[in-house]
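Student: Starting from the known structure of chain C, arrange chain Y on it as the hints suggest.
These are the residues of each chain, in order.
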Amino acid sequence: MESLATTTYQALALLLSGDRELWAIIGVSFRTTMIAILIAVPLAFPIGFILGTTKFRGRWALISLFNTLLSVPTVVIGLLLYLLLSRSGPLGDLRLLFTDQAMIIGQVLLAFPVLVAMSLAAFKAAERNIWETARTLGASPVRALLTLMHEIRYGLAAAGAAAYGRIVAEIGCSMMVGGNILYHTRNIPTAIALETSKGNFSQGIALGFVLLILATSLNAAVITLQRRSEHHR
Amino acid sequence: MGLMLKPLLLLLVLSPLAAHADFLKLATTTSTYNSGLLDAIVPDFERQTGTHVLIIAVGTGKALRMGRDGDADLLLVHAPEAEKEFMDNGYGNNRRAVMYNDFVIVGPASDPAAIAGQTDVAHALQKIARAQAVFVSRGDDSGTHKKERHLWLAATLTPAGSWYREAGQGMGKVLQIADELQGYALTDRGTWLAYKNKVTLKLVVEGDQRLFNPYSVMQINPERFADLNHTAALSFSDWLRSSETQQKIKHFRINGEPLFIPSAN
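In order, the protein sequence lines correspond to chains C and Y. The first sequence runs -6 to 226 under the numbering used here. The second sequence runs 359 to 623 under the numbering used here.
Here chain C stands alone, though its shape is the one from the complex (with noise of 0.2 Å):
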């Protein structure tokens, strides 16, 4: 095995000089949990809010649902998505196997207890007369809920970094249902699986940087917003 300089110059060239495999790779993780978020973020939002400012019974079972959801491994949700969607399981006729459809479901699975959670502790937070004031002045339920929304932004933005940061990191899930396949499901963390098996350190670190540097600045992001939130009270 070359050193680990030789190694680490070779990835920086590697990515710099445009590799196309490699910003392939590079594209399917964005796309897929861009796409995954976006699907996520209008269905758990409101969930989080209503689970956040109303009581009802049976809250606190969904809510500890969600919580037990936020530590459910990867690759049980895999697991359990590849019965589902084999052609063999109930779902198969959907042909869904194997595809990025299936890793953005994956994606979208994974991420939404982590936004429904995070969304639930900043909408009850947020002061509830700001929602009442609205309603009072006549604003609309949807109306009265995005001025709500926009106050407590950055609690809100915090939810959607840290949900993406756990779906553009992990492995199990999109290894299961992607099958790793060149151009249309082989994504970051995969490929990096990958390339160590076959002994290709180079690509794995490069690809590896990508995701430092992602998961590196989301944290940070994740921390000024959950800053500001707070300042903002």
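Do not rely on the hints blindly, as some may be mistaken.
Simulated restraints on C-beta separations [what the hints assert, rightly or not]:
hint: 1; chain 1: Y; residue 1: Ile535; chain 2: C; residue 2: Leu(-3); range: 42 to 48 Å
hint: 2; chain 1: Y; residue 1: Arg405; chain 2: C; residue 2: Ala132; range: 58 to 64 Å
hint: 3; chain 1: Y; residue 1: Thr558; chain 2: C; residue 2: Lys117; range: 54 to 60 Å
hint: 4; chain 1: C; residue 1: Thr217; chain 2: Y; residue 2: Tyr458; range: 58 to 64 Å
hint: 5; chain 1: C; residue 1: Trp53; chain 2: Y; residue 2: Glu524; range: 41 to 47 Å
hint: 6; chain 1: Y; residue 1: Gly394; chain 2: C; residue 2: Thr47; range: 57 to 63 Å
The hints are simulated quantities; they were obtained by calculation from the structure and are not laboratory data. Glycine included, each C-beta is placed from N, C-alpha and C at the ideal position.
Tutor: Frame of chain C, contents of chain Y only:
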């Protein structure tokens, strides 16, 4: 969740990629993909037919399972006994020979079991077990793992103990683990040639008839799964066995050494 998932799934199904272009899902073993063979020959097929080949590289056990479940259109695998069983159970269709290579045993240069140059593989395994020398097994029900278990049977031994390590990973990974642990491993020659410059291991046993490693292509029984891409599967199978592709397989080399010997005719 279930209620919300349905429109979501519909939305995804309607996205353009699912419907139009012609795709062939080929489930194959890590040895054909990680060695670079498929990357070298498949683009020709894609150019000639306009069919995109989606290669899913897994162990033979998983590939066969995918065939049985209708999750792949075509299989390219190497586990003769399991393939026969697959055919006998009515899961497969049109099983045909494509090529072969052979297995070899590699190990550390220090050769603690003193088996270098052996041509009797069963005897070599017995010596490894007697010396309690580290042996790294695939442990993943792949074609190579199935072969390894047959060889232990031939050696009338059940490998167990702290010297016998089941990795549960692909061939390349197992060679790396064997290298780190300075242990022995059974590997197909293709992967070995692709890795031998990356590890300090040496080839110690080769040439035994029992190390023969034939690859077959199998379609999926259309009576079980009518709407798989059977047309493209057949044309890929025909194309693999065409004299032109067989020549390409013969001339595919890694570090100047041939990996596979075509066997369609």
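Student: All hints are to be evaluated individually against the structure, with a verdict given for each.
Tutor: Taking the hints in turn, this is what the structure says about them:
| no. | hint | result |
| --- | --- | --- |
| 1 | Y:Ile535 / C:Leu(-3): 42 to 48 Å | violated, 20 Å |
| 2 | Y:Arg405 / C:Ala132: 58 to 64 Å | holds, 60 Å |
| 3 | Y:Thr558 / C:Lys117: 54 to 60 Å | holds, 59 Å |
| 4 | C:Thr217 / Y:Tyr458: 58 to 64 Å | holds, 60 Å |
| 5 | C:Trp53 / Y:Glu524: 41 to 47 Å | holds, 45 Å |
| 6 | Y:Gly394 / C:Thr47: 57 to 63 Å | holds, 59 Å |
The structure shown violates just one earlier hint, number 1.
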